[in-house]
Amino acid sequence: MPGVIAILCRCCGQIEPAVDLQALRERIGREAGVVSVEFRDSLCLPEDGAAIVKAVESSGADRILLAACSPYGKAGDVVSALCARGIDRSRVRLVDIREGCAWIHRGDQTGATAKACDLLCMGLGFLRYGGCSTDAVVAVRPECLVAGAGSAGLAAAVSIARAGFQVHLVERAAEGGGMLKLISRVYPTDVEAAEKLRPYLEEVERNPRIAFHPKTRVVSATGFAGDFKVRLASVTGDVNVRVGAVILATGAGVWLPRGLYRYGELKEVLTLMELERRQREGKTAAKRSVFIQCVGARCPERPYCATMCCPSSIKNAVLLRKADPDAEVTILYRDIMTPGHILERYYRSALEAGVRFIRFDPAQPPVVSGDGHVERVEVFDAISGVKREIETDQVVLSTPLVANADNAKLSELFHVPLDGYGFFREDYSLHPLETRQGGIFICGSARWPVSSAEAATQGEGAAMKALAILGRKEISALSLSRLPEGKLGHARIEDGACSGCGNCVAVCPYDACTLQRVGGAFVSRANKMRCRACGSCTAVCPNGTVQMPEHNARAVGAMIRRAFAEGDAG
Amino acid sequence: MNAHGMTDKTTTPRVLVFACRWCALVGADAAGRGRADLPASFRVIPVECAAMVEPDSVLRALASGADGVAVMGCHLGGCRFNDANHVALKRMEALGDLLDTVGIGRRRLLLSFGAAHEGRQFTEVLGAFFRELAPLPSLAAWRKTLLNQPSFR
Chain A
1 MPGVIAILCR
11 CCGQIEPAVD
21 LQALRERIGR
31 EAGVVSVEFR
41 DSLCLPEDGA
51 AIVKAVESSG
61 ADRILLAACS
71 PYGKAGDVVS
81 ALCARGIDRS
91 RVRLVDIREG
101 CAWIHRGDQT
111 GATAKACDLL
121 CMGLGFLRYG
131 GCSTDAVVAV
141 RPECLVAGAG
151 SAGLAAAVSI
161 ARAGFQVHLV
171 ERAAEGGGML
181 KLISRVYPTD
191 VEAAEKLRPY
201 LEEVERNPRI
211 AFHPKTRVVS
221 ATGFAGDFKV
231 RLASVTGDVN
241 VRVGAVILAT
251 GAGVWLPRGL
261 YRYGELKEVL
271 TLMELERRQR
281 EGKTAAKRSV
291 FIQCVGARCP
301 ERPYCATMCC
311 PSSIKNAVLL
321 RKADPDAEVT
331 ILYRDIMTPG
341 HILERYYRSA
351 LEAGVRFIRF
361 DPAQPPVVSG
371 DGHVERVEVF
381 DAISGVKREI
391 ETDQVVLSTP
401 LVANADNAKL
411 SELFHVPLDG
421 YGFFREDYSL
431 HPLETRQGGI
441 FICGSARWPV
451 SSAEAATQGE
461 GAAMKALAIL
471 GRKEISALSL
481 SRLPEGKLGH
491 ARIEDGACSG
501 CGNCVAVCPY
511 DACTLQRVGG
521 AFVSRANKMR
531 CRACGSCTAV
541 CPNGTVQMPE
551 HNARAVGAMI
561 RRAFAEGDAG
Chain B
1001 MNAHGMTDKT
1011 TTPRVLVFAC
1021 RWCALVGADA
1031 AGRGRADLPA
1041 SFRVIPVECA
1051 AMVEPDSVLR
1061 ALASGADGVA
1071 VMGCHLGGCR
1081 FNDANHVALK
1091 RMEALGDLLD
1101 TVGIGRRRLL
1111 LSFGAAHEGR
1121 QFTEVLGAFF
1131 RELAPLPSLA
1141 AWRKTLLNQP
1151 SFR
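Taken in sequence, the protein lines are chains A and B.
Okay, so the first sequence: first residue is 1 according to the working numbering, each after it adds one.
Okay, so the second sequence: first residue is 1001 according to the working numbering, each after it adds one.
Read the hints as simulated data drawn from the structure, not as lab findings.
No experiment lies behind these values; they were computed from the predicted model shown.
The reader is advised that the hints may include incorrect statements.
Stated by the list, open to error - Examples of chain B residues lying across from chain A (beta carbon under 10 Å, computed): (1) Ala1061; (2) Ala1084; (3) Gly1105; (4) Arg1120; (5) Thr1123.
Every residue gets a Cβ at the ideal spot worked out from N, C-alpha and C, and that includes glycine.
When you get a sec, could you build the whole thing from the sequences and use the hints?
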């Protein structure tokens, strides 16, 4: 006869005397559906694991109630071991009567025993209604989409292609290179940007596994990890691709300091990017230069440090000094941000090269003066407390990188969130380069402003994460969770009962629930590949149509009803 | 008089705790391992996320013998499920309004986000909730008296 076998672990004497196990056994034995109650000295000993299976078989029970320690203790392993022996997880319920009862109510045997009894009854209620999600398996498309062909995107595309998978490399410009095409040299090696790009661009040209789509944009995207359907639009027509993973490497944009430090008014006031262009073209004739750091950065609108402007200014200052040893170069800074030993050495090399550094207080910013052209910069030296006047021929403003304007559109298309500044937001800190959607990864300055070297590092990292999906023939929905114990299950929406109110759609943090039109009415559908089993939808469904089988309303209801039953009786 | 300063065990408030298994349940577990001393009149239901707790479940718990319900989740901003707990907090605040309206009072609903992920914190938060509930009448007894009034029969 099917029923429940209750196994009470003595935990080598840790449970008694706080809980009266003998009384508990008698009380549970009287519960309907319980066919057998057994004691074990210690469930976590290997011989007891085999003994449980034997006891279950001989009792004829089809469900198991374990009363032992907490799931974070050994009991969690016992449940996993049982499941490994072929017992369905929904048929085992673990009740914690050690950490959650015996150890915290040592002075109150009556209360603790009543509580243990209630906890076991709650477990019984759960076993009666608890279910199990059916898994979904998706065949993985062995192709990858990389959006953006800058440092990060190129590195990602090349890594994936070398691993043997097809890559669609999408770029909105006519050719790849991204920000590297705008600058002269890259810090800290001072290699020419074009030199750095060349091997990547050659590989893109040469490798048959990389399909380069220039002047192309992503216009629509559906699907989930393993099988995304993406539509690419260009002047030559639209292309549909199906890919297993997506890497967003759209880079960042440049912020123009309109109205600050007389930018736009005096033509000798440049941004760092404009100086880079002049350096690339060999048109830097200015004898005296002043750099102003943190222009439009670390201010209320953009409170972040863009990390690349200090090393970039240092690089250009040193290059100016090297090109012309008589050049006078001054950097006005708030704080010099050169973390790590390489950049710190880079900063020191600038000091040795004769670049002058003057610190200013953001409350008293420097003033650029001149009539028709730049003549001097006045600055209050925050360290020596002296007002200085620096004669100069040009002023270079270090402005931060800002989020790419395309990010908003891509965020909508791929259902990945942006942070407060428009950069792509990582899924919380334990999962670098991953977004909240499985199979979609971010790298480079699309994620946060970084140097080209770091962007390439992140691109390769994102490629490795994408390969973990692409390398599989198929993936199952339950395996998609990155949580250590795997995913609890996924939301299930009963056909026919959904009223189409859309509450679950509004609340789902992963856009797994969507409204679909079926026969003239809207009904909600839950995508198993996107669902992460948080259960938000079940909490807002007005008629209980959405349920997590592992944590359904009837099971929880049964637990709530029994929560204080013994307390009432006693 | 027992160790918790309550004169009679039958008047110890009963508390049902919905504990997120990523933080508050870890806190409860640590409280156990630290041999905390807590009244035996609370029960824990583990949930995957605080967002999973239906407002209906809270009401059902209050209707089936609990004097108070605690919903314990992660720090706001530290949710494993893409900030689902922010929405859960709003939902539970709205439920608090409802409890105030019907006369049960939001004091019987404890919302704790990120304050109970260590054993000592779990003990403190729950202990404070017990102290908050202690002067309030028992909901179960109150319900019984109500139901026994002639107008309800």
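**Request:** Please name the hints from earlier in the document that this structure breaks, with their numbers sorted from lowest to highest.
**Result:** Hints 3 and 4 contradicted; others consistent.
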